[in-house]
Structures are given as C-alpha cells and as structure tokens.
Amino acid sequence: MAELYDQSRNDALQRLNQTLLQIDPYILPPYPNLSIVAGPLDPPLLQLTLSQLLRKQVDCYPENEAVVIPWTGARWTYQQLWDESSLLARALLKEGVRPRDRIGIMSGNCEKYIALFFACARVGGICVTLNNTYTATEMEYALKHTKCRVLFTTPTIARFDNGPLLHKLSQPDVASTLPDLKTVCLIRGQHDSFISYSSLIEEAQYIPEHILDIFDGIISPYDVANLQFTSGSTGNPKAAMLTHHNLINNSRFIGDRMDLTPNDILCCPPPLFHCFGLTLGLLACLTHGAKIVFPAESFDPVACMRAIDAERCTALHGVPAMMESIMDVPRPEGWTSDLRTGIVAGSPVPKWLMERMVNELNMSDFTSSYGLTEASPTVFNAHTNDSLHARLTTVGTVLPHARVKIVDHQDRIVPIGVRGELCVAGYQVCRGYWENAEKTAELIVRDEYGEPWLHTGDEAVLDVDGYCTITGRFKDIIIRGGENIYPLEIEERLVAHPSITRAIVVGVSHPRYVEVPAAFLLHEPNTDKPDLAEVQAWVRKVLGRHKAPVHIFWLGEDCGAEVPLTGSGKIKKFVLRDVAEGLLKGR
1 MAELYDQSRN DALQRLNQTL LQIDPYILPP YPNLSIVAGP LDPPLLQLTL SQLLRKQVDC
61 YPENEAVVIP WTGARWTYQQ LWDESSLLAR ALLKEGVRPR DRIGIMSGNC EKYIALFFAC
121 ARVGGICVTL NNTYTATEME YALKHTKCRV LFTTPTIARF DNGPLLHKLS QPDVASTLPD
181 LKTVCLIRGQ HDSFISYSSL IEEAQYIPEH ILDIFDGIIS PYDVANLQFT SGSTGNPKAA
241 MLTHHNLINN SRFIGDRMDL TPNDILCCPP PLFHCFGLTL GLLACLTHGA KIVFPAESFD
301 PVACMRAIDA ERCTALHGVP AMMESIMDVP RPEGWTSDLR TGIVAGSPVP KWLMERMVNE
361 LNMSDFTSSY GLTEASPTVF NAHTNDSLHA RLTTVGTVLP HARVKIVDHQ DRIVPIGVRG
421 ELCVAGYQVC RGYWENAEKT AELIVRDEYG EPWLHTGDEA VLDVDGYCTI TGRFKDIIIR
481 GGENIYPLEI EERLVAHPSI TRAIVVGVSH PRYVEVPAAF LLHEPNTDKP DLAEVQAWVR
541 KVLGRHKAPV HIFWLGEDCG AEVPLTGSGK IKKFVLRDVA EGLLKGR
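Residue numbers (the UniProt record's numbering): 1 to 587.
Calculated from the structure, these hints are not laboratory results. Since the structure is predicted, the reported quantities are computational estimates derived from the model, not experimental observations. Do not take every clue at face value.
When the alpha-carbon atoms are kept at most 30 Å apart in a straight line, the in silico BS3-like pairs for lysine-lysine are as follows [claimed, not checked]:
id	residue 1	residue 2
1	Lys-573	Lys-541
2	Lys-147	Lys-168
3	Lys-182	Lys-439
4	Lys-573	Lys-351
5	Lys-439	Lys-147
6	Lys-94	Lys-182
7	Lys-168	Lys-94
8	Lys-573	Lys-585
9	Lys-529	Lys-541
10	Lys-144	Lys-541
11	Lys-573	Lys-529
12	Lys-144	Lys-439
13	Lys-585	Lys-572
14	Lys-439	Lys-541
15	Lys-572	Lys-541
16	Lys-182	Lys-168
17	Lys-56	Lys-94
18	Lys-144	Lys-182
19	Lys-529	Lys-351
20	Lys-439	Lys-573
21	Lys-182	Lys-541
22	Lys-147	Lys-541
23	Lys-182	Lys-147
24	Lys-529	Lys-572
25	Lys-168	Lys-573
Quick list of simulated restraints, FRET-style, between CB atoms [unchecked claim]:
id	residue 1	residue 2	range
26	His-167	Asp-408	30 to 40 Å
27	Trp-554	Pro-155	55 to 65 Å
28	Phe-574	Asp-59	49 to 59 Å
29	Pro-330	Pro-525	47 to 57 Å
30	Asp-83	Asp-408	30 to 40 Å
Idealized CB from N, CA, C, for every residue including glycine.
Whenever a hint applies, use it, and build me the whole structure from the sequences.
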C-alpha cells in the first residue's frame with residue numbers, strides 16, 4: 001500500500017510540475033525530488049546570423065588575431081577572416097549558389113575551411129561538414145542525400161589519400177549519380193576535372209561587393225546554417241539541421257562557462273567537421289573575441305604540444321584519447337604552461353586523466369561537458385569555479401535557456417538520484433534530420449502539453465544541486481575516442497562477406513579510445529574462414545577505418561554458438577559485451 005501511495009504521489013507531483021512548466025517553461029520545479037531542471041534566463045539569447053556575429057566581432061576586434069593555422073602558416077585577424085569569407089561568398093554566388101543550397105566540405109582543419117563556413121552563412125547557404133574518414137561510397141551517399149551543389153575537398157587529408165573519391169567524382173557519368181553536384185573545388189592541389197580554390201576566388205570579381213548586403217535582409221537566425229552528420233543506427237548516417245540561432249547561442253554559453261575573453265588562445269585539435277571543433281572550438285572563441293589555433297590538418301599530438309608552447313595557449317580542447325596522447329609527448333625545452341582551461345568531452349573521462357591535466361598541463365580551470373550533435377551540441381557544462389570534485393565526477397549543470405528531464409521507459413519523470421533517459425528541450429534542439437521525417441519523429445517527441453523534447457538515448461542521473469552524471473546509454477552506440485559508431489552498419493557490411501552468415505557488433509573497453517568495436521561472427525560452412533586482418537580490410541572497403549572491428553570472436557568456437565536473447569527475441573548485447581570482455585582477459 002505504501003508503494004502504491006508513493007507512486008501515486010510521484011505521478012501527481014509530476015503532473016503538477018509539468019503543468020507549471022507549461023505555464024512558464026523556465027521555472028525550476030517546485031518539488032526538488034523530480035529530475036527536471038531549467039537553466040538560467042541570463043544572459044538573454046542573441047538574435048543574430050553567423051554573418052552578423054562575425055561583422056560585430058570585426059567591428060570590436062578588427063586587428064586581433066582570430067585564426068592561427070601553424071601547418072599552413074596562416075595568421076588571420078578578424079578583419080582578414082571577414083575579407084576572405086566575403087570574397088568566397090561572392091565566388092559562391094558566381095557559381096550559382098543561392099539561399100538554402102548545400103555546400104559540402106571534406107577537408108582537414110585549415111583557414112579556408114573556416115572562410116567557407118562563414119561564406120556559406122553570408123549568402124544563406126547551408127554548410128555540410130563531412131567526416132574526413134568517409135570512404136568514396138559514404139561520401140557519395142552524403143552528397144546525394146543532401147543534394148550538395150558545391151563540394152570543397154583536397155587530394156589528401158593528412159596522411160590519408162582522397163584519390164578514390166576524386167576518381168569517382170571525375171568520371172563522365174557522375175552527373176547521373178550526383179545530379180545536383182555542379183562544382184568541385186580543390187582547396188589545395190590541382191586536378192584537370194576540378195576548379196582550384198585560387199581560380200574560384202578570382203570569380204569574386206564578377207559579383208559586386210554590395211550584392212552581399214542584400215542577404216542581410218533575407219537570412220534569418222532561425223534558418224538552417226549547418227548540416228552535421230551523425231552515424232545512423234539503421235545503416236545510413238543522418239544529417240542534423242542546425243540553425244544560426246542554435247550554433248551562436250550554444251557556443252556563446254560554452255565560452256561563458258570557460259570564462260573566455262579576447263585575451264584567450266584556444267588550441268583545438270578536434271576536427272572542424274565535428275561539433276567539438278566547430279562549435280565548442282571555433283564559434284566559442286569567435287563569440288568571445290578570442291583566438292583559436294588549429295595545430296595540424298588532423299590530430300597530431302606533437303603538433304599540439306608545439307602549438308601550445310609556441311602560441312602560449314591558455315585553453316585546450318580534446319577527447320580523452322587526444323588529451324592522453326598530448327600529455328605523453330615530451331615537453332619542449334624550457335616548457336612552461338600558460339594553459340588554464342578547456343573542455344575534455346566526447347566520451348567518458350576517467351578521473352586519473354583529469355588529474356593529469358591539472359597536474360601536468362596546469363589546466364586547473366578545466367571544465368567537463370556533455371552534449372550531442374542534435375542539441376547544437378552542449379547541454380551540460382561545468383563552471384571553472386565548480387569544485388574539483390564536481391568537475392571530476394559530473395558534467396556540470398544545464399546551460400542557460402535549456403531544459404532537461406530524466407524519464408523512465410514510460411516517459412515518466414524519475415525522482416532525483418534515479419537513473420533514466422536524458423531528454424532536452426529549448427532553443428538548442430536541432431530542427432530535425434534533413435529529409436528524414438521518420439527519424440526526426442523518433443528523436444523529437446512532444447509531451448502531452450505539446451512541448452518538444454529531444455530524446456538523447458543516454459542514461460543519466462541528476463543530483464539535488466542540478467549536477468548531471470552520465471551513467472550509460474539507452475542505445476547501443478559505441479563511442480571510440482569521441483566518435484560515435486553505430487553497430488548496425490558494421491554488421492550489415494560483415495554479413496556481406498561470403499564467409500560470414502551472422503555478425504553482432506558490440507563495444508569493448510580500450511585503454512586509449514575508451515571503447516572500440518568487437519564482432520561476434522558465425523562462419524559460413526565450406527568456406528575459408530577469414531582472419532582479423534581480412535575482416536578489417538573487408539569493412540574498410542566501404543566504411544571508415546575506425547569502424548573496423550578491433551577484435552573478432554567466432555560463435556561456436558571462441559564462445560558458445562547460442563546468442564543470448566530477450567523474451568521478445570532481441571539480442572542481449574550487454575551479455576555479449578561481458579562475454580567479449582571475459583574472452584579478452586583470457587587472451
């Protein structure tokens with residue numbers, strides 16, 4: 001009877017709390033035992049486009065350095081960034097780009113990437129930031145799905161050859177597979193089939209500069225500015241639609257939590273195609289008049305250490321694997337650290353790693369963080385003045401103007417201290433997935449009052465002070481060094497192998513990447529059984545190199561032939577995860 005009373009009381013409190021939130025969605029719940037919380041209302045949300053934001057910062061800090069790229073030698077002030085992006089915007093107009101057209105980029109971190117991002121925003125285009133690890137097959141899907149009109153890329157990205165993609169794009173029949181793609185521009189290098197960046201820039205002369213002013217009255221802060229791909233649990237990646245409003249306000253609040261000022265210099269090894277590099281890095285700096293340093297084309301720990309030292313960086317971003325690699329690099333002669341803050345996020349962060357950051361890099365004001373691409377991305381972030389314990393054990397408190405709740409499988413808000421699925425509402429929720437209404441409806445669900453909530457699929461718990469701890473996932477995604485990997489696309493590729501009849505992919509622990517893919521495989525009788533190297537090569541022919549299984553286990557040989565199932569016939573992946581961990585300990 002007592003249990004029924006408690007449940008009835010909790011249900012009543014939940015209904016009252018939700019009613020009050022509907023009347024004023026920003027108030028804190030009157031009953032602190034429920035896991036629902038709203039961020040502060042100050043500062044107010046900015047109503048700007050990305051172009052207007054950059055113009056505003058140019059007016060404030062014209063001669064301050066905005067972007068430093070040691071590997072190319074570029075050192076651009078805010079004024080120079082504005083000038084280059086304006087030239088590129090005019091060139092895009094000459095190429096026929098119009099508002100809402102999609103412009104793709106697959107490139108390493110460089111100044112031209114940044115110029116393109118703002119050039120797209122200037123003319124109302126949508127910048128499609130493409131993963132550098134995509135194979136030619138994955139790129140073809142992304143370009144076709146988003147109907148990109150223009151693609152910017154390079155012959156190589158760091159040590160990786162982009163030749164297969166360029167070969168595919170140079171074929172005479174490319175128009176039949178990618179009918180919307182009209183221009184391919186090489187940021188570096190030359191190719192007979194494509195226009196070079198320098199030649200494209202020359203086209204700006206044919207478009208008067210004042211034409212760009214027309215777009216200020218056309219583009220809204222609520223227009224989509226960026227498509228960021230997330231791995232697809234149904235095989236194909238999905239493109240989250242992020243608006244100017246999403247990106248500007250989220251990045252501003254991120255910078256606020258780090259106490260960024262125009263005197264700060266951020267070393268940012270995460271890639272620009274990822275929300276970590278683009279929003280937590282570039283835009284967080286830009287909203288605060290700070291300087292950002294991208295030390296290398298792709299992650300290079302030696303280049304990071306060199307940049308931290310040479311540029312006297314005060315902040316450092318990275319996923320845990322990056323941070324560990326950087327700290328393992330020998331210090332330059334005469335090393336002294338000016339670092340004070342930064343964000344480590346992207347996958348669970350071990351306490352010992354955070355302690356190393358404080359002790360070895362002097363990052364006493366580091367902040368922990370949690371987010372996802374679909375939330376623009378940050379939902380929770382610690383303050384620099386939060387206790388060390390809070391920053392070591394939680395992801396901080398909710399950002400301004402955001403609302404979060406933790407629910408059970410019946411979508412009921414759970415009491416404080418109880419685990420459940422984390423859901424997010426507010427300005428930062430994306431507009432959904434590009435041309436994918438079905439998956440959008442699964443992602444963003446309206447409650448009984450019509451309030452749209454983004455269901456993260458992550459398991460979390462709130463304490464009485466509003467601090468959040470991420471405790472697991474409702475979904476089966478594998479987070480390898482901050483990159484999300486969905487098992488299904490790997491499984492589909494594996495079973496296409498003539499010697500494999502069944503494949504089940506799970507995440508297993510890894511000392512550097514936290515989690516890596518492992519595969520349970522069933523061998524097709526009367527065929528040659530492939531070894532690990534062959535399986536990895538098979539996967540990498542179609543999928544990114546990071547998606548290849550690091551370990552394989554043969555069902556009926558390395559372990560039992562029976563796959564553990566739930567009563568409804570679903571695979572118990574958590575059981576297989578434990579089996580894999582046990583097998584690895586015995587190897």
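Could you work out which earlier hints the structure fails to respect and list their numbers in ascending sequence? The structure breaks hints 19, 25, 26, 27 and 30; every other hint is satisfied.
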